[in-house]
Amino acid sequence: MAPPVSALDTELNPPQADAVAHTTGPLLVFAGAGSGKTRVITYRIANLVACARVPPHRILAVTFTNKAAGEMQNRLGRLLGEDLARDLWVGTFHATSARLLRRHGEALGLPRNFVIYDTDDQKAVVNRTLRALDLDEKRYPPRVCLAAIHKAKQELRGPDDMNVRDPWLVTIFRTYEEQLRTANAVDFEDLIGLMVTLLEQNPAGAGDALRRRFDYLLVDEFQDTNAAQYRFLKAFVRDHRNLCVVGDDDQSIYRWRGADVRNIRGFKHDFPDAHVVKLEQNYRSTGRIVRAALGVIERSHERVPKELWTANAEGAPIDIVATRDERDEAAHVLSTIQEARARGVDPKEIAVFYRVHAQSRVLEEALRSANVPYQIVGGTKFYERAEIKNALSYLRVLTNPASDIDVLRIINTPARGIGATSVERLAAFADRAHVSLMEALARIAEPRAGAATARTADLGAAAAGRLASFHALMDQLARRVANMPPSDLLGEVLERSGYLTALRAEDTAESEARLENLAELKSSLYDYEQEAVAAGEEVSLEGYLERVSLQSDVDGMKDGSRVTLMTVHGAKGLEFELVVLTGMEQDMFPYRGMNPGGDHELEEERRLAYVAITRARSRLVITHAETRQIFGTTRLGGPSPFLAQMPADAVTQKATAARGASSLGRFMTHDDGAGHGYAPWRHPQAPSPTPQPLPGERYVDQEFFHDGPGAADDTSGPALRRGARVVHAQFGEGEIKSVVESNEPAVVVAFPGRGEKKILARFLTLVGGGP
DNA sequence: AGCTGGCGGGTTTTT
DNA sequence: CCCGCCAGCT
Numbered sequence: 064m065a066p067p068v069s070a071l072d073t074e075l076n077p078p079q080a081d082a083v084a085h086t087t088g089p090l091l092v093f094a095g096a097g098s099g100k101t102r103v104i105t106y107r108i109a110n111l112v113a114c115a116r117v118p119p120h121r122i123l124a125v126t127f128t129n130k131a132a133g134e135m136q137n138r139l140g141r142l143l144g145e146d147l148a149r150d151l152w153v154g155t156f157h158a159t160s161a162r163l164l165r166r167h168g169e170a171l172g173l174p175r176n177f178v179i180y181d182t183d184d185q186k187a188v189v190n191r192t193l194r195a196l197d198l199d200e201k202r203y204p205p206r207v208c209l210a211a212i213h214k215a216k217q218e219l220r221g222p223d224d225m226n227v228r229d230p231w232l233v234t235i236f237r238t239y240e241e242q243l244r245t246a247n248a249v250d251f252e253d254l255i256g257l258m259v260t261l262l263e264q265n266p267a268g269a270g271d272a273l274r275r276r277f278d279y280l281l282v283d284e285f286q287d288t289n290a291a292q293y294r295f296l297k298a299f300v301r302d303h304r305n306l307c308v309v310g311d312d313d314q315s316i317y318r319w320r321g322a323d324v325r326n327i328r329g330f331k332h333d334f335p336d337a338h339v340v341k342l343e344q345n346y347r348s349t350g351r352i353v354r355a356a357l358g359v360i361e362r363s364h365e366r367v368p369k370e371l372w373t374a375n376a377e378g379a380p381i382d383i384v385a386t387r388d389e390r391d392e393a394a395h396v397l398s399t400i401q402e403a404r405a406r407g408v409d410p411k412e413i414a415v416f417y418r419v420h421a422q423s424r425v426l427e428e429a430l431r432s433a434n435v436p437y438q439i440v441g442g443t444k445f446y447e448r449a450e451i452k453n454a455l456s457y458l459r460v461l462t463n464p465a466s467d468i469d470v471l472r473i474i475n476t477p478a479r480g481i482g483a484t485s486v487e488r489l490a491a492f493a494d495r496a497h498v499s500l501m502e503a504l505a506r507i508a509e510p511r512a513g514a515a516t517a518r519t520a521d522l523g524a525a526a527a528g529r530l531a532s533f534h535a536l537m538d539q540l541a542r543r544v545a546n547m548p549p550s551d552l553l554g555e556v557l558e559r560s561g562y563l564t565a566l567r568a569e570d571t572a573e574s575e576a577r578l579e580n581l582a583e584l585k586s587s588l589y590d591y592e593q594e595a596v597a598a599g600e601e602v603s604l605e606g607y608l609e610r611v612s613l614q615s616d617v618d619g620m621k622d623g624s625r626v627t628l629m630t631v632h633g634a635k636g637l638e639f640e641l642v643v644l645t646g647m648e649q650d651m652f653p654y655r656g657m658n659p660g661g662d663h664e665l666e667e668e669r670r671l672a673y674v675a676i677t678r679a680r681s682r683l684v685i686t687h688a689e690t691r692q693i694f695g696t697t698r699l700g701g702p703s704p705f706l707a708q709m710p711a712d713a714v715t716q717k718a719t720a721a722r723g724a725s726s727l728g729r730f731m732t733h734d735d736g737a738g739h740g741y742a743p744w745r746h747p748q749a750p751s752p753t754p755q756p757l758p759g760e761r762y763v764d765q766e767f768f769h770d771g772p773g774a775a776d777d778t779s780g781p782a783l784r785r786g787a788r789v790v791h792a793q794f795g796e797g798e799i800k801s802v803v804e805s806n807e808p809a810v811v812v813a814f815p816g817r818g819e820k821k822i823l824a825r826f827l828t829l830v831g832g833g834p
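Counted the way this note's numbering counts, the first sequence spans residues 64 to 834.
None of these hints come from the bench; they were simulated from the model. Check the hints yourself; a few may be wrong.
Said to hold, decoys possible - Result set (DSSO-like, lysine-lysine): computed pairs, CA atoms no more than 30 Å apart in a straight line: (1) 214 to 297; (2) 186 to 444; (3) 186 to 585.
Unchecked claim - Label-pair restraints from in silico Cβ distances: (4) 175 to 509: 23 to 29 Å; (5) 624 to 221: 46 to 52 Å; (6) 665 to 477: 47 to 53 Å; (7) 146 to 601: 17 to 23 Å.
C-beta atoms are modelled at their ideal positions from N, C-alpha and C, and glycine is treated no differently.
Please build the complete structure, drawing on both the sequences and the hints.
So this is what it looks like as structure tokens:
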């Protein structure tokens with residue numbers, strides 16, 4: 064066995080060096096939060112390549128997100144040089160599987176041009192299935208059906224061995240599978256499941272071929288793998304057993320998605336000879352933050368015992384701030400951020416966390432009106448917008464005409480007179496003939512026999528004509544796929560389909576936004592082409608579509624100098640100088656949706672809180688609100704029980720002025736003047752506490768929350784006012800003429816030489832910064 | 001055929 | 001509160 068790279072050795076503590084030096088056989092690394100996990104993985108790979116002389120293309124590293132994969136590849140580029148690093152296989156389970164299935168999937172009858180159906184597509188398939196089976200979608204809600212299907216597939220179960228009582232669900236599952244297969248489509252679970260089939264059943268020797276590809280496998284965030292993924296790994300390393308898994312059972316937060324923390328806790332059972340390393344020294348956070356995190360996680364039973372510690376300074380106390388409601392909370396978040404910025408903290412080193420996306424809106428409004436640059440990770444995703452999905456459906460049909468779901472999306476988009484009745488008749492005809500919708504269209508569009516076919520399908524001459532011209536359009540476009548780069552093809556698609564014309568004719572702020580989004584889509588295709596060329600990969604429409612399907616929220620995170628707003632789930636694996644953790648209330652965190660919730664769920668919430676706390680390097684501010692408007696109703700939750708579990712000497716209890724005032728208004732009958740003579744703010748769980756306003760605590764700009772004159776239609780906040788100068792990516796600089804009411808903040812801007820245009824606020828940048 | 005408005009239902013986290 | 005679905009209207 065080769066010794067570790069000596070130059071790296073000095074930068075590693077003993078357990079880290081131990082893990083890096085290990086080469087042959089199974090290795091289990093428990094990596095506590097902030098314990099230098101990524102460093103260990105990258106150095107271990109570097110060690111394998113540089114010392115053990117393993118060719119890079121024979122190493123597969125699996126990460127949780129594409130972004131993490133990219134970062135790992137970058138770091139390895141710096142350690143090993145770009146040439147070697149490029150040959151490494153680094154990617155998510157899904158991206159890696161997709162890539163391998165393109166090459167080996169044919170052994171299972173999966174064509175190379177398969178498409179990946181996202182949740183939306185899957186739901187459409189279930190809806191279609193329900194209609195075909197004539198089932199009431201009230202009794203069989205698509206969401207519920209899909210959840211049952213996913214659960215089964217995550218455990219590698221098929222319709223015959225799924226654990227459900229209702230036989231209809233089995234039928235729905237079976238039909239769903241049939242639809243995917245005939246559409247040459249796979250869902251996320253198939254990507255893993257089909258790989259397992261290849262590896263375990265070895266059709267046409269494909270499993271052996273796959274196994275021979277890699278000598279070493281490394282898996283990050285192993286605590287969040289599911290049963291199928293674990294079986295994938297075991298099948299892959301069957302012959303050499305060179306499997307290194309890295310994770311932290313305390314950070315397992317994806318149980319709801321099928322992740323099974325027993326994979327890491329029971330790893331020793333499957334690999335009794337595994338070398339086990341524990342990384343317990345935290346290099347990231349202050350002493351107080353580490354102790355607060357430990358206070359929460361130590362209440363957990365079931366966990367593998369670990370001693371997380373840090374040699375770092377104690378640092379500032381963690382602020383636990385009681386606020387009146389979510390708006391007061393947002394104001395406090397804002398002032399915390401402003402204060403940090405004033406101290407010179409880069410906005411990109413600041414993050415605001417929440418449990419559920421629904422909490423983000425108020426926070427976003429506060430930041431926007433104060434002109435704080437920010438980005439929201441997750442929520443309504445770019446690729447889920449209707450116009451983007453439509454455009455992508457055109458592209459997908461061009462690569463894979465069998466994908467009926469995509470055909471249904473675009474057949475009458477833009478409106479071309481093909482109504483529901485025509486589509487239904489077409490679908491019925493396709494069904495009888497056992498062909499895809501595109502194939503059915505081709506038959507109807509045939510110059511001679513077409514007319515008779517149309518009659519068979521019960522389609523009138525006019526309808527048949529419109530269907531034929533749709534087919535002609537797609538046929539024409541399909542001929543161009545091979546002849547032009549994908550970004551140009553998109554342009555062709557949008558022009559020739561009439562989609563752009565239709566949107567331009569609409570001429571609303573919304574249609575304008577859709578056009579902008581489509582332009583952005585085109586540039587994302589262009590970016591892909593550039594990157595693929597740079598990485599020496601083949602540029603193909605399929606390649607782009609695959610990337611889009613497998614993109615995650617955090618992948619879209621930009622590196623700009625902006626504050627990040629995200630859910631705690633999204634924050635896994637990241638770290639920030641300052642973290643503001645909001646909504647730490649009973650029922651919000653731990654979150655209770657509508658289900659009663661058992662022990663296991665509380666355990667997962669606890670781990671989630673642990674993840675949230677340990678993202679912070681030097682400063683952590685935690686807020687909770689007395690009342691919270693969410694989903695249209697007001698929630699009243701006391702402080703989260705997790706707060707009481709943080710050591711008293713690690714935290715400082717505070718309250719906003721508004722919180723103090725609200726208690727006064729609500730509980731006192733006499734006017735005593737705010738902030739005087741109240742019982743001290745004792746314990747977060749004390750009943751009806753009366754907080755004492757912190758001396759000197761005040762608000763930046765509390766005023767804007769109380770609608771002033773004209774505030775009602777000025778939804779964009781004070782920043783975008785009449786007369787303000789703004790910059791637009793395409794039209795350049797202009798002046799705001801008026802603020803218009805819309806779903807989204809929008810304004811009319813006069814651009815010199817280009818006239819006035821309605822533009823959504825999010826496409827504009829203010830000139831000159833602050834108001 | 002396509003639009004609009006009313007209604008009811010669901011609202012976690014996401015590769 | 002927001003969305004999607006349906007029915008009824010143009």
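Tell me the hint numbers this structure goes against, listed in increasing order.
Violated hints: none at all, because every hint is consistent with the structure.
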